[in-house]
Structure formats: C-alpha cells, structure tokens
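Protein chains in written order, with this note's numbering: chain A, 1 to 216; chain B, 1 to 504.
These are calculated hints, taken from the structure and not from any lab test. We treat Cβ as the ideally placed atom computed from N, Cα and C, and that holds for glycine. Heads up, some of the hints might be wrong.
Here are the simulated distance ranges between beta carbons [to be verified]: (1) B/Gly135 with A/Arg114: 55 to 61 Å; (2) B/Thr351 with A/Ala85: 35 to 41 Å; (3) A/Phe46 with B/Ala247: 54 to 60 Å.
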Amino acid sequence: MASSPQLPLADDLFLTAHDTVKGKSLLTPATLGLGLAAALIGELVFWRRLDLVDGKLALIDDRPTGDPATTAVLDQLLREGHHRAIRDWISFLATGIATDLVERRLSRAGLLHRQEKRGLLGTKVSFVPADSMVAGWPATRIRTYIGRGELLDVSDLVLAGLILATGLDQHVFITLDARGREQLFDQFRRRLPAMLQDLVAHAEAAVGDAVMARRA
Amino acid sequence: MSSTTTPPQSQLSTALAKDRLGVAAVVFFVMSAAAPLTVVAGVVPTGLAVTGLTSISIAFFAVAIVLAIFAVGYVAMSRHIANAGAFYAYISQGIGRPFGVGGAWLALLAYNCFQVASYGGFGAIASPLFKDWFGLDVKWWVLALICWALTAILGVRDVAVNGRVLATLLVAEIVLVLVFSFANVLSPNFHASSAPVDVSKLVGTGAGALLAIAITGFVGFEQSVVFAEESRDPRRTVSRATYIAIALIAVLYGFASWSMISAAGGNAVDRATKEGPDLFFNVASDQLGSAAVHLGHALFLTSLIAAMISFHNIISRYAFSLGREGVLPRLFGRTVPGTGAPKNGSLAQSTLGLIVIVIYAVAGWDPLVQLFFWGGTAGGIGVLLLITVSSVAVIGYFARRPEGEDFWHRIGAPVLGTILLLVMSYLTLTNIATLFGVAPGSGPTWVVPVAFGVVALGGILWALVLRTARPDVYAGIGLGARSATSGSGGGGFAAALAGDQGAK
C-alpha cells in the first residue's frame, strides 16, 4: 500500500506537474491546461457521468457529483448541449478553466497556497504546493508500485498516461528502468479501459497540436 | 445560473473562435517565410551573375501563374483532409503512403537546404559590411557561426521572433524594396529593358534555371493551408490569402528585378558579377544617397536573421510532427516540457547546419554562390518536385472522392497544373548546370537530383518497412497527430500503447 492518500486525478496531475523544491510548474501553462482538462473529464468518467464514444462525450447521468470542480464542468456540458467533440472540450477547458478549478480545489484542501511575486511589470499570482512533500506524492506512489511490480488502479493508470502525454515523464519517469517501463506500458494496454485509453490519446494529440501551433 | 436554459451564445464556441485569423494575417505569415529582401537583393543578383540570364521578371510571373493554377486544387483538397500543412499529407492520401513518406523526407531535406543556405548568405553578405562599417576583417564563417549559435540556442529554448517584430520587418522590407525599385526607375541610367520580360526566354536554353530561381522566391506560399483550421472562414480565407500572396510576390519581385536590371545600364550581368548582392542597393544609391544604402544593408541582415530563426522553428516543428506520426524515429516527437520546444528536431537541424558551415569553411568553398545560391535554389528545386507530386496527388484524391468540389477544382485545374509543373520540373532538372554556372555533367549538377532521389527512396523504403513491422503506425501516416485513434495519437503514450520499444 502507498503511504499517502490518493487525491482526485486532476489534483494528482497538478501536483506532479510542479517542482517539489521550488513549486514552479514543470509544464507550460497551455500544456498543463490540456492535461488538467483531460483529467477533469476523466474524473467525470470515474463518477459515471460521462462516456467517451467515437471521440464524442456522451452524458449518461446529469446529477451533480458533490465535488465543485467536476460539477462545474458537468454544468457547462449541460449548458452546451450542441458541443460534444472531446477535442473541443479539452481545448475549451484548457483555456484556463481547468487549471482554475483544480487550483481552487487544492487550495480548499489546504494543499496549495497563493504566492505573489512582485516583478518588473506588476504582481504575478501563482499557486504553489503548500508542502514540497505533498507535491511529490503521486509520482512517488506510481514509481513505488511499479518498482514493487504491483498493479496500479485505474485512476493512477490514467495519471501515468497523462504524465506521458504531457511530456512530464521526462521528469517523473526518468528513473524507471526498461523493465519498469514495459510493465507500466503493459498495464496501459491490458488494464486501462478503451474509453480512457482514447481520452489520454486525445489529450496527447492536443498537446502535440499546441506545439505545432506554437501555443505550448 | 440555471442549467436548463440555453444561453444565446455558446461560451465554448466563443472561447475557441477567439483568435481566428483573417486574410491579411494569413498573407503576413506566408510572406514572412518568403523574405523579400533576401530574394530581391540576394538570390536575384547572384542568379544574374552565375547564370548570365536576365529574363527573371517574366519567370516570376510564369511561376506565379503555374502556382495559382496548382493552388486551385491544393486549397480545395486542404478542405477535405487533416494535417493540411504538409505536402506529404496530400501525397499520402492522394497517391499512397510510401510516396508520402518519401515526400516527407524530401521536404525535410529541401527545407534544410534553405536553412543552411541562409547561414552562408549571412556570412558572405555581412563580412564585407563589417569591414566597411566597423573596419573589422571577419571571416564569413565566423559570422555564420555566430548566427548559427543564436538560432540554435533560441531554437532549443523555443524563443520565437515575436509576430509583431516579424510583421514590422516584413513591411519595412517591402517598403524598402519598393522605394529602391522606384528610385531605380527615376535613375539617369535607367533604360526600360525588355530583357527581364522577354517571354521567348521561357522556352529557350536556360529556361529551367530561370524557373528554379523564381520558384525559390515563392517558397512559403504552401504554408497558407496550415491556417485552415484557425481561419475565420475556412472556405474563403485561405484560398484568398494564397492567391493574394502569390500575386503580391510575383508583382513585387518581378518589378524589383526589372527595375534593377534596367537601371544597371545595360551590363547587369557584369555588374552583378562584380558587385554581388550590393547591386540592388548600388543602382539606386545615386538617387537615395549612402544613408539609404546603409539602412538597406542593415535591414537585409536583420531580416535574414529573423528568417533564419523562423525557418529553424518551422523545420524543428516539421520534424516533431513526423516523429509523432512515426514517420521519423519517435525521439523527434519529444519536446522540452517546460517550454514546449521540439528539442530533438531543433538539435538535429543545428547539428546539420554546423557540419555544413564547417565543411565549407575548411574546404574554402564560396559561401555566396556555392552555399547561399546553390543551397537556396536546390531547396527551390526540391519544393518544385514536391509541388509537382502533390499536384498529381490532388488528381488522385479527387478521382476517388469527387464529392463537394466542382469540375474545375477537382480535375480541370489540377490536370492543367500537373502538366505545367511536370514541364517545369523537367526543364529545371535538365538545366542545373546553367543554374549553378558549372560545366554540364560536373559534380554539382548530379549531386542535387541524386540527393533528392536517394532521400525520397529512403522514405519509400521506410514506409514499406513500417507497413509490415508497424501496421498501426503505417495506417496513421499523413493523418497528423490529430488523428487520435489509439496507437497513432503521436507521442509517448501512443507509443506505449502500441508497444513501441523506441519510446524514451
């Protein structure tokens, strides 16, 4: 068993995307936004509110989840009944909405705090992990499981997938040996439901497009 | 906020439509890759000196007409396929994936030709200016290496030249070209010369060389379709921008070349040989004074650097997209997480640039003619070949999927364009000796076609290997990273799903 509590998928991704020492984001804001957007959609799939079919989101249950961040996304989905393409939703939520929702959820949990930096051109507000230990949790957990040859749960498998999709693996999985990698990849292939494989693949494609369009 | 009422305007549509591009923006993007001063003051005078041919203006117009006809089908097809920015996407879907990969590799080589050519051009042009301005005697390759280092560092850190800076430079370049051209017309030496617009030269000996020089000036126009998905009106914005860009380039370059040759006092070729890239500035100097010439030179160098940096980014992104599709090794599909820079594509381009500069410096080859001009026009020939094959691909694509386009867009223009492009390609390939100013059959004349042939063949073979070894990757060729069916979505996760051992 891991020694640390597991947070919602998007929160875990946010923490993983931040440097444990300085609290700085390891990703560009655009890439972080795309990863978090996919993670929030993934959470709604876990809540059994959404399915992903042929690149489109299908609403299967419109009851609030009880969690403000995912409920906000669900509300938006209900309001925008015409739009169902997953790529549109990832792009839309990545415009700052997803990052904002996740930052607020983590702040409420006391895991982030606001940091104001006075610069040459005014004050820059950012959210940094309150505790450097906390930021390292999710990645450590995944590495520990893989190191012991244990199976990851579905949420952590999606997290690991998004780590690859956003390029965070160059920080997080750098210490994994070839056997560990193959073990993780094998779990992607065999234990991740097709719907979630597609979700991560779409997130990855969105990250690539952002690089091509110089938005990343 | 109620969740049952539909608001009059969708927040999602509004947010995603926020930065849609108009015609002017697309024309700007396209023309900034075309680098007007580099062509008018760099390529054209060097071309005069090397080939001794003066009918360059008519060549610009002829190429513009052929490209406009090609663009009819090209833009029409861009409306139907994903990943419309790259020739190989057209070739893959119009003729077949193996040829598509061959085209992708050929394009990479052609674009690299331009990039390394610009290092040579900068060194050769800046070296005498440094002596003139600062009294410093600096070797061309020192200056080329400084530029190379700047490009390499900015490339891997993904610092782009700001769009506004590029736009300002472009406008300044166009204004400068126009001012100098009109000054030429008013110069006392000016005798309206008919040589630059002599149509008969387009069928005579050397026609291929003229066409190769002209097509080099248009490179970049093909990028217009990249913006299809970001444009305000996908059906109109891109096609209008493409025709406008082609027309603007033809008129600007054609007029500038004609005025320069006319003002050179009947011995344009001799003067071009002696004065090189200074010719464009010198012929107008008696009208405008030396300050204008200095300003022109300074702008020439700045815009060359800006072009270098943007072109480097285009190449590394191109390698990135190929890496994600599996058309190049996967490691090219990696970026620096903190900046989004396509790291390996950038590093590979820089390595190649360094090798070429060092080889030219050690061998003592001429940076202006043998690197800038040969490299630039070789890249132009590569792009011409790609355009020709893409034109065939347009016919092939619409033959199978005729829906949604009329006869002219599907068959009329593409067939006419293909015939004209095949003739141009033939003339160009058989005129390389004239173009390079070397003896027929000597080394440089066959190096270029052989290099393009070998690289294209390598791509075709690679595709055939993929077809048996990695059918999932093969199936996604030419569809872009956008095609997020599992296994062809592009990066590390897709590779992991597909069981790709090479993903690191």
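Hints and how they fare:
1. B/Gly135 with A/Arg114: 55 to 61 Å: holds (57 Å)
2. B/Thr351 with A/Ala85: 35 to 41 Å: With a Cβ separation near 40 Å, B/Thr351 and A/Ala85 satisfy 35 to 41 Å, so the hint holds.
3. A/Phe46 with B/Ala247: 54 to 60 Å: Because 55 Å falls inside the window, the suggested range holds.
Every hint from the earlier list agrees with this structure, and none is contradicted.
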